[in-house]
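J.: Take a look at the letters that make up each chain.
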Amino acid sequence: MSIRAIGRSASGGLEVFAAWCASWWRVLHFGATALVMAASPQAYDRATSNLMARQIYFTAWQILPGFVLVCALLSYMVIRIVVAAAGTYGLAEYALSFAVRVQVLELVPTFVALFVALRSGAAINTEVALMHIRGDLDALQRAGADPMRHQLVPRVIGSAVSVVSLTVIGGAIALMLAYVAMYGFSPGGIDEYTEVIGSIFDLPVALGLGLKAPFFGLAVAIIPISASLEVPREARFAAIAVRSGMVRLFLALALIEGASLAIKYI
Amino acid sequence: MDQTPTPTSPPATSAETTTTLPVRHLEFKVALLLALTLVLSVSFVAYVLYARGVFESTQKVVLVTDSSDGVSVGMQVTFRGFSIGRVRSIALGGDATVRIEVAVPKKDARWLRVANVFIIERALVGGVGIRAAAVQLDNPLLPDGAECIPQGGLSGAICTVLRGDGSEDIPRLVTNLKDLLNNLQGLTAADSSLGASLANVRVATDRIAGQGGLLAGALGSEENAKKVVAALDRSNKLLDSLTAASARLDQVFAKADQALVKADQRVFGREGVMDETQRAVAQLNAVLGDARESLKRADAVLADAQKISANAKGATDDLAGLRAEVDASLRKVGALIDEINRKWPFKRETEMRLP
Numbered sequence: 001m002s003i004r005a006i007g008r009s010a011s012g013g014l015e016v017f018a019a020w021c022a023s024w025w026r027v028l029h030f031g032a033t034a035l036v037m038a039a040s041p042q043a044y045d046r047a048t049s050n051l052m053a054r055q056i057y058f059t060a061w062q063i064l065p066g067f068v069l070v071c072a073l074l075s076y077m078v079i080r081i082v083v084a085a086a087g088t089y090g091l092a093e094y095a096l097s098f099a100v101r102v103q104v105l106e107l108v109p110t111f112v113a114l115f116v117a118l119r120s121g122a123a124i125n126t127e128v129a130l131m132h133i134r135g136d137l138d139a140l141q142r143a144g145a146d147p148m149r150h151q152l153v154p155r156v157i158g159s160a161v162s163v164v165s166l167t168v169i170g171g172a173i174a175l176m177l178a179y180v181a182m183y184g185f186s187p188g189g190i191d192e193y194t195e196v197i198g199s200i201f202d203l204p205v206a207l208g209l210g211l212k213a214p215f216f217g218l219a220v221a222i223i224p225i226s227a228s229l230e231v232p233r234e235a236r237f238a239a240i241a242v243r244s245g246m247v248r249l250f251l252a253l254a255l256i257e258g259a260s261l262a263i264k265y266i
Numbered sequence: 001m002d003q004t005p006t007p008t009s010p011p012a013t014s015a016e017t018t019t020t021l022p023v024r025h026l027e028f029k030v031a032l033l034l035a036l037t038l039v040l041s042v043s044f045v046a047y048v049l050y051a052r053g054v055f056e057s058t059q060k061v062v063l064v065t066d067s068s069d070g071v072s073v074g075m076q077v078t079f080r081g082f083s084i085g086r087v088r089s090i091a092l093g094g095d096a097t098v099r100i101e102v103a104v105p106k107k108d109a110r111w112l113r114v115a116n117v118f119i120i121e122r123a124l125v126g127g128v129g130i131r132a133a134a135v136q137l138d139n140p141l142l143p144d145g146a147e148c149i150p151q152g153g154l155s156g157a158i159c160t161v162l163r164g165d166g167s168e169d170i171p172r173l174v175t176n177l178k179d180l181l182n183n184l185q186g187l188t189a190a191d192s193s194l195g196a197s198l199a200n201v202r203v204a205t206d207r208i209a210g211q212g213g214l215l216a217g218a219l220g221s222e223e224n225a226k227k228v229v230a231a232l233d234r235s236n237k238l239l240d241s242l243t244a245a246s247a248r249l250d251q252v253f254a255k256a257d258q259a260l261v262k263a264d265q266r267v268f269g270r271e272g273v274m275d276e277t278q279r280a281v282a283q284l285n286a287v288l289g290d291a292r293e294s295l296k297r298a299d300a301v302l303a304d305a306q307k308i309s310a311n312a313k314g315a316t317d318d319l320a321g322l323r324a325e326v327d328a329s330l331r332k333v334g335a336l337i338d339e340i341n342r343k344w345p346f347k348r349e350t351e352m353r354l355p
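Note that the protein sequences, when read in sequence, are chains A and B. Note that my numbering gives residue 198 to position 198 of the first sequence, counting from 1, and the numbers run on in steps of one. Note that my numbering gives residue 133 to position 133 of the second sequence, counting from 1, and the numbers run on in steps of one.
Isolated chain B (complex conformation) (with noise of 0.2 Å):
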């Protein structure tokens, strides 16, 4: 300390080393090092003004609503994903709704048509959005400073507000999930009819594990059981009783049959009663097949006469009805015929079995 400091030469000490270092361009640096923190700085601050509208002119629209809840002020205004505004003021009305204010630069001011919708939505999970959705683009653009209200307000409305809460339905879910629950656990308790009806098929099942067993655990008991299974076993004899019975009611029926056979050789067998029958039936088929000829013949020779007589056709009425009256007579003959060979098939089927 035996130098002589001056006011404007503080003394240099070895504590000052670290900033008595020679530096090269030291003024340069630190202007530098200054030039870039102001540079950065302003650029920030003209940027954020920039990006909060500050730069540009904006339109109003107020949107009216009967809750604030979730809005803030700086919120976006969405229309179709895109930010087209901001909410620049949340006020209470003076008819107790609540008044939203919205910012909308005028580039974006386009999409805002009259008869548009503005939707207040609370998501599930997240903030509350507030999003446009234009109704027609078509449309005249809408007014600077426009009030949207809620919908089903007054007539003549130029837009209209709507609010959609994804969480209005969780407190209807929660009470749902409680019920259920109850439920549940009214089912899982150990006084619950679920409950006792394991009980039952534990029992049952024991039952069926011990001596007795499927059966016992059906019928209660092994007393039971046992009754069945004698049961079964007077069963079984009846049915071999039953077994041996059937055998000589076989052999009766064999003898039956014998008899049948006979009896059917009798009716129907060569020289039987029905082959009789058979072949007269055949002989008047006969006759009247000979008599359908004739009748054609018949028929023929009028048709000639029919021919002889074409100058006197006016005169042969007569043949012409007598020949309609043939024709019927041909006709019932013809189904008299078809009559009586449908009433005796035995022309079609010549053997017949009895049962």
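For reference, chain A alone in the conformation it holds in the complex (with noise of 0.2 Å):
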């Protein structure tokens, strides 16, 4: 390979880097416009309002049968594994511990985002994409609406309370799960529950919880949005922006959840 190849893949690289940070750069400014927008009242009236609620519908609302029973499945099967594991290493004492640690502080929110993310978010690239590629959202901005304003905050606002709705109720089954697998449905364990809950839950750990859900749920709206606007107005790319948007959206929440983690535990 001549110096000149290698310079030119050279140069090749760091332009790769280079469109890569950019594009990163474009999803954060994308995402505080859109919180700055989120935060002034005057941002909201009754289409927004309007868009916003049908975000949350059928983000949310839509799903919400068929969540609860995966969710209450999911979080029973995990449970009782986690409790059986821990009886046969002989850490019973530790197991409603560890089956709470799991369930409801790792894995309900992940697997929220997920589900948001494979529905809702990949929904909102194709949807945004497409108007973008079409012009509708310039075609807004010429009649003096705020495409901003009323095409995309409603929905990054609308999946971010989707995401943390989902994972309160989430949250709330897996609690009232682990109570009844490792206690059935009798009173008698409320004292111990109440204890190893209070001993789980303190500032850290609940500070934790309450950021990582909005953080998921802004994420899942933000990084397709961003992705969709990127993209060269021609119908061909509407493919290439659903893809890299769900490609970092993935990576998002995988750093997300990381990051939680390395606060939680290192």
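Just so you know, not all the hints are guaranteed correct.
Claimed, not checked - Chain A regions said to be covered by chain B (calculated; three or more residues, Cβ under 8 Å):
| hint | region |
| --- | --- |
| 1 | 34–41 |
| 2 | 50–60 |
| 3 | 197–204 |
Unchecked claim - Listed next, with one range per pair, are the computed distances between beta-carbon atoms:
| hint | chain 1 | residue 1 | chain 2 | residue 2 | range |
| --- | --- | --- | --- | --- | --- |
| 4 | B | F82 | A | I266 | 38 to 44 Å |
| 5 | A | V36 | B | F82 | 48 to 54 Å |
| 6 | A | F185 | B | F82 | 20 to 26 Å |
No lab work stands behind these hints, which were simulated from the structure alone. Don't be surprised by glycine CBs; every beta carbon is placed ideally from N, CA and C.
Please assemble the complex out of the two chains, which come individually in their own frames, going by the hints.
T.: Rendered as structure tokens:
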């Protein structure tokens, strides 16, 4: 390989890296703008509220029965496995603590984020990519309506609220099933259960859980929308927008989960 | 894009079909979901605060110990398996001791009594646990902020702290195990005495399997085994000649036996020497028996005389003395007869065999 070729490939690598950095910068910029806009009360009018409500309806309410069922089954299975494994190793007294930590703190939020990302994140990604390619957003802009305010921010807020809502419901189901798995339906274990819950949820853990779910929710909408707005306005780029959006979203979810674990346990 | 969009109603495009589908009671459903989320969140926060004892008043117990190893903030303090409090803080005191501050809810403070013992123990598997052991439930309650010190500390302590570590024995155990393994290694090494012994056993078994058999194995070589076999043959011959000699001896003994029978008949047979002697002794016995009878009669006469002279009892002392003497003589004679009988055992055993 000649020196020129090495130089060409090095400069090519640098370009790719710079593009990657710029792309993530646009994600962050879009996220920050969306958050600032969401925080200002004048951003909400009837149309945006309606769109937000629809986003919440399609992301959370529509799937609620199936979600509750799947979450209950999955939670009960995981809790039983953890309790049985703890009992096998003679750690039965820590079984409840293990089960709640694994299920409520880690699995349920991640499961909800992935579920919403696959179902609604992909849909938002495609929808916004098509709107961008067809020039709907520019049309709105020309008409004097801020597409960010009327089309994008409601989706971001709706997704974030949906993820938080589903995480809360899933967590509540997991907590109840953990009690049932440990003590059955008798109220005899309430004191011990309360003790264990009290010992698990200290301030850092509660804060970590309280921050992780909204972060997951924001990522699920912000990253696909940002990826959709980046592509050139050609129909064939719609698929590329969805692909890069979903890959980045998955990476971001993994990063958030990893950071949350690192903060809690390292 | 020929529609005239307004700021409040964005253009209805085909991409918005998902979000423009008619939904019945949209507002109500979303409000319900948000309300459910809010209620669950608030209840959970309240429950966690309650579980962490935010709403109940506590009293403080300070455990002073020499190490905070394994103790963490939030750790439970148990009494007979039930949690009665939590570690609120751990601090290093000015005198380099560790001060573990435990918060015990007022309702559980009744289990904490003066002279209480707190045990910080590390199990072999699992973490460290702090256990309260009430010595006497009749003792007065432990005051708020009581300081418990390690056993053997200042006298007059209100309560004491003990440390127990199940894993303390592990290093010693490992050292012993290492020694054991070294010994085992020494035993099983190629140049060990066990190895040498096994090699010898193998040599021996090879010899046993050889022509000389077990004897060659025991004696070291086949030549020695042959010598032993030859010695055995000679012994057999010797035994044969000894058998013949003993047969001849038997004949000699038979003859001696006959001679002895004859001698026996002469001494102990009918009209033999012993027969005569026995007869003489029997006669002597009869004579002595007669004398005893006579003396018995004299004794009876004397007894009668004693009865007759009942009035003159005082004067018959001599007679009583006489009687005593006669009695004594009689006993002596009886003893003499018994002695003779003992010394002449022919009366009981009339026949005697010589060996």
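J.: All hints, please: hold or fail.
T.: Here is what the structure says about each hint:
no.: 1; hint: 34–41; in the structure: violated (count 0)
no.: 2; hint: 50–60; in the structure: holds (count 9)
no.: 3; hint: 197–204; in the structure: holds (count 5)
no.: 4; hint: F82/B with I266/A: 38 to 44 Å; in the structure: 33 Å, violated
no.: 5; hint: V36/A with F82/B: 48 to 54 Å; in the structure: 52 Å, holds
no.: 6; hint: F185/A with F82/B: 20 to 26 Å; in the structure: 22 Å, holds
In terms of the numbered hints stated before, the structure departs from hints 1, 4, listed from lowest to highest.
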